[in-house]
Every structure is written in C-alpha cells, then in structure tokens.
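Novice: Now for the letters of each chain:
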Amino acid sequence: MTKDDSADISIVMPCFNYASYIAEAIGSIFAQGFGKVQVVVVDDGSTDASAEIALSLDPRVECIRQANAGQAAARNAGILRARGKYLAFLDADDVWTPGSLAARLDALRDGRECVYGASEAFLSPELTDAERQRLGAVPPPMTGRLPGTMLIAREAFDRAGLFDTSLKLGEMFDWVARADKAQITVAMMDRIVLRRRIHGGNTSIRLKGDNKEYLKALKSSLRHRREALPEPDGAP
Amino acid sequence: MDTLFVINAPSVVSEVIDGEVIIMNVKSGNYYSSAEVGAAVWSWIEQGRTKGQMRGLAASRYQGDDRFISESLEAFFESLLREELVRAVSVSEAGAADQAAVENSAPVAFTVPKLCAYTDMQDLLFLDPIHDVDAIGWPEAKDAKLG
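Which chain is which? The protein sequence lines are A and R, in order.
First residue of the first sequence? That's 80 in this note's numbering, and the numbers climb one at a time after it.
First residue of the second sequence? That's 184 in this note's numbering, and the numbers climb one at a time after it.
Keep in mind the hints are simulated off the structure, nothing from the lab.
Remember, it's a predicted structure, so these values are computed and weren't measured experimentally.
Don't take every hint at face value.
Each computed DSBU-like pair below joins lysine-lysine, with the alpha-carbon atoms no more than 35 Å apart [said to hold, decoys possible]: (1) A/LYS247 <-> R/LYS297; (2) A/LYS298 <-> A/LYS247; (3) A/LYS260 <-> R/LYS297; (4) R/LYS210 <-> A/LYS291; (5) A/LYS247 <-> A/LYS164; (6) A/LYS164 <-> A/LYS260; (7) R/LYS297 <-> R/LYS210; (8) A/LYS298 <-> A/LYS164; (9) A/LYS298 <-> R/LYS297; (10) A/LYS260 <-> R/LYS210; (11) A/LYS291 <-> R/LYS297; (12) R/LYS210 <-> A/LYS298; (13) A/LYS260 <-> A/LYS291; (14) R/LYS210 <-> A/LYS247; (15) A/LYS115 <-> A/LYS298; (16) A/LYS260 <-> A/LYS298.
Computed beta-carbon distance windows for the label pairs [unchecked claim]: (17) R/GLY231 <-> A/LYS291: 46 to 56 Å; (18) R/GLU257 <-> A/LEU308: 27 to 37 Å; (19) R/THR302 <-> A/ALA110: 28 to 38 Å; (20) A/PHE109 <-> R/ALA218: 49 to 59 Å; (21) A/ASP289 <-> R/ALA218: 17 to 27 Å; (22) A/LEU159 <-> R/GLY202: 29 to 39 Å.
Selected chain A positions facing chain R (in silico; Cβ < 10 Å) [claimed, not checked]: (23) SER99; (24) GLY106; (25) ILE132; (26) LEU134; (27) SER135; (28) LEU136; (29) SER198; (30) ALA200; (31) ARG224; (32) GLY249; (33) VAL255; (34) LYS291; (35) TYR293; (36) LYS295; (37) SER300; (38) LEU301.
In this text, a Cβ means the ideal position worked out from N, Cα and C, and glycines have one as well.
Based on the sequences and whatever the hints tell you, model everything.
Specialist: Structure representation (structure tokens):
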C-alpha cells in the first residue's frame with residue numbers, strides 16, 4: 080500500500096470498539112477535501128472490527144494496534160507515527176463538520192501555532208427513547224480546548240510534549256498547561272468544527288465517578304502552571 | 184447553636200494530593216486548591232466537624248493567637264461558602280457528632296488558610312462529560328467566557 084510521505088496534516092484517531100462509528104468519523108476527514116492527509120488510527124485493544132473497517136476505507140489510513148492502554152497512550156502512539164506538518168485529532172466516535180479543517184488552517188495564517196474551534200454534542204441515533212430522556216437536551220455549542228477541535232503545528236506540539244500516560248482521564252488539563260508553559264500561540268474560533276457523539280459509552284461517562292483521576296490531572300496542571308506563572312490571589 | 188458545613192456533592196468533589204486539597208466544582212467549571220491549614224480544615228469538614236469543633240482543633244494544633252486563628256478560619260469558611268463549595272447547616276451543640284475537639288500532637292506553626300480559585304479549565308470541565316448526568320445534569324455553561 081502506497082503512503083503519502085509528504086502529508087501536510089496528520090490526523091490521529093484513537094479507537095476502542097467503535098466499529099459502528101469509525102467509518103463515519105474517517106469519512107468526515109476525507110470529506111474535508113484535502114489530498115495530503117495521513118490518518119493514523121490507533122486501535123487501542125478493540126475486540127470488534129474497528130481496525131479492519133478503518134483500513135478498508137482509504138489507502139491513506141494507517142492503523143496501529145496495541146493492547147488497551149487508554150486515550151493518552153493511544154494518541155501518543157499515533158503522534159509518533161505522524162509525518163504531517165500539522166497535527167489534528169479526531170476520536171473514532173465523533174465527526175468533523177464540513178470545512179472544519181480549512182477553517183482551522185485559515186486561522187493559523189497569521190502565524191499562530193495552534194487553533195481550537197467549537198464543538199457541539201449530538202445524541203447518537205441508536206439511543207433509545209429512555210436513554211434520550213435520561214440524557215435530556217444536550218448543552219449548547221462551545222469553543223474549547225479539546226483534541227478534536229485542535230489543529231497545531233507539529234513543531235509547536237513537540238515543545239509541549241506527548242500526553243501524560245499516567246493520567247487515565249483529564250490528560251488535556253495537563254497538556255494545555257504544558258502548552259501554555261511552552262508559550263504556544265493559540266487562536267480560538269467560534270465556528271463549530273467538531274460534532275461529539277453522546278452514546279452513553281463515552282470514555283468519560285463510562286468512567287464517571289472516578290473523579291480522582293480528574294483531580295489528579297488538575298493537580299498536575301497546577302504544577303505546570305506554578306512553574307510558569309505566579310499564584311492568583313484568592314478567589315475570583 | 185453550632186454550624187456544620189456540608190460539601191455540595193455531587194457537584195463538588197475533592198481529593199487531598201501531596202498535602203494539598205484539590206476541589207473541583209463540576210457545575211461552575213472552577214477548581215480550587217488549598218494547602219497546609221486549608222487542607223486540614225477541608226478534611227475536618229469532610230469528617231463532619233462543626234465550626235466550634237474546628238476552632239477547638241485549630242487552637243490545639245496550631246501555635247498562635249487564638250483569636251487570629253479563629254478569625255482566619257472564619258474567613259476561610261466564608262470563601263468556601265461564597266464559592267458554593269459547602270453550605271452551612273445549623274445544628275445544636277448537643278446534636279453535633281461527638282468527635283474529639285483537641286489534638287494531642289505538639290502544636291505547629293499556623294499559616295492563614297487560603298483558597299486559590301482557578302477558572303482556566305472551564306472549557307474542559309464543561310466539555311468533558313464527566314458529570315453523572317443522573318445526579319447533576321449537564322454543566323451550566325452560561326457563565327463561561329468561551330464560545
């Protein structure tokens with residue numbers, strides 16, 4: 080299989096048993112209309128056909144298979160395989176909106192190194208009425224520093240470093256603190272670039288109750304913050 | 184009457200890590216830290232100590248002017264209430280849990296407890312659906328500066 084060695088943008092996609100969704104996720108990447116993309120699916124110990132489905136879609140899809148190690152480790156494995164000048168991330172259960180990548184690339188034309196767009200949540204079509212009722216109305220769209228809304232120059236990403244694999248959840252708390260410390264220049268966009276699927280099996284909902292992991296991640300981000308900035312004086 | 188402080192669970196969760204308490208309010212998207220005396224006071228609150236009992240504990244544990252210590256604790260309680268991390272419940276002194284109000288260990292130096300508040304992760308705390316949707320519902324992003 081021929082790979083495009085001059086990929087401009089590498090998209091890293093961690094996947095754990097998302098055979099039902101991965102084709103839609105990858106389809107939303109190629110629908111962006113960019114030729115020079117490298118999609119690195121990291122199959123994080125799936126027991127379903129996620130990897131086979133991904134590889135069947137397009138020769139620009141590569142797949143790394145590993146024993147289940149969590150999102151941070153999966154993303155890191157993909158990053159180490161990535162060859163693009165830019166890095167982006169998309170979870171295998173989410174989708175990018177049309178024009179998502181072009182809008183983010185455009186936002187970097189002024190020389191900034193990293194951009195985040197907005198995301199909106201949607202309830203996955205297969206949810207039962209009872210599940211929909213329990214989840215209620217989804218929150219409104221919001222700009223935020225999620226991997227799936229980010230586009231970053233590879234050189235800048237490397238200044239902050241890989242995700243901390245000791246964190247089972249909340250690894251972005253830690254990473255954005257390191258990105259700030261590395262003085263990565265950031266643009267924030269209101270445009271919705273990511274649609275996040277709510278399906279009841281989302282990693283963070285699945286692990287709900289395990290708040291200690293988030294608190295550990297916040298403690299880690301505070302450590303980085305203190306290395307870069309003085310403490311705030313009390314409550315806001 | 185005495186005052187009991189009840190942590191506003193399940194929106195508010197906390198953990199003491201390396202002597203520092205980290206407190207996360209999933210509803211507001213804010214998080215907080217407090218070390219030393221603040222971490223000790225938070226642990227007392229978790230244990231269900233009343234305000235009166237905490238004053239007694241602080242007076243026995245820490246060196247310093249009792250009035251200054253008491254006033255410092257009061258200011259700390261106020262900051263916890265202001266940030267809606269706890270709520271105050273009046274209890275009769277007889278009804279308060281019977282817990283030791285003094286400590287036997289040697290007193291240590293008192294430092295004014297300080298609650299540090301952070302808003303820099305609001306987007307991540309709002310967007311990561313970490314909340315238990317049964318108990319809390321979706322986060323309220325109306326005050327967020329993002330989006």
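Novice: Now, for every hint given, state plainly whether the structure supports it.
Specialist: Each hint, compared with the structure:
no. : hint                              : result
1   : A/LYS247 <-> R/LYS297             : holds, 29 Å
2   : A/LYS298 <-> A/LYS247             : holds, 14 Å
3   : A/LYS260 <-> R/LYS297             : holds, 24 Å
4   : R/LYS210 <-> A/LYS291             : holds, 17 Å
5   : A/LYS247 <-> A/LYS164             : holds, 28 Å
6   : A/LYS164 <-> A/LYS260             : holds, 22 Å
7   : R/LYS297 <-> R/LYS210             : holds, 22 Å
8   : A/LYS298 <-> A/LYS164             : holds, 32 Å
9   : A/LYS298 <-> R/LYS297             : holds, 16 Å
10  : A/LYS260 <-> R/LYS210             : holds, 27 Å
11  : A/LYS291 <-> R/LYS297             : holds, 22 Å
12  : R/LYS210 <-> A/LYS298             : holds, 19 Å
13  : A/LYS260 <-> A/LYS291             : holds, 24 Å
14  : R/LYS210 <-> A/LYS247             : holds, 22 Å
15  : A/LYS115 <-> A/LYS298             : violated, 39 Å
16  : A/LYS260 <-> A/LYS298             : holds, 15 Å
17  : R/GLY231 <-> A/LYS291: 46 to 56 Å : violated, 21 Å
18  : R/GLU257 <-> A/LEU308: 27 to 37 Å : holds, 30 Å
19  : R/THR302 <-> A/ALA110: 28 to 38 Å : holds, 36 Å
20  : A/PHE109 <-> R/ALA218: 49 to 59 Å : holds, 50 Å
21  : A/ASP289 <-> R/ALA218: 17 to 27 Å : holds, 24 Å
22  : A/LEU159 <-> R/GLY202: 29 to 39 Å : holds, 36 Å
23  : SER99                             : violated, 19 Å
24  : GLY106                            : violated, 23 Å
25  : ILE132                            : violated, 25 Å
26  : LEU134                            : violated, 30 Å
27  : SER135                            : violated, 31 Å
28  : LEU136                            : violated, 28 Å
29  : SER198                            : holds, 7 Å
30  : ALA200                            : holds, 8 Å
31  : ARG224                            : holds, 6 Å
32  : GLY249                            : holds, 7 Å
33  : VAL255                            : holds, 7 Å
34  : LYS291                            : holds, 5 Å
35  : TYR293                            : holds, 6 Å
36  : LYS295                            : holds, 7 Å
37  : SER300                            : holds, 7 Å
38  : LEU301                            : holds, 6 Å
The structure fails to meet hints 15, 17, 23, 24, 25, 26, 27 and 28 from the earlier list, while all remaining hints are met.
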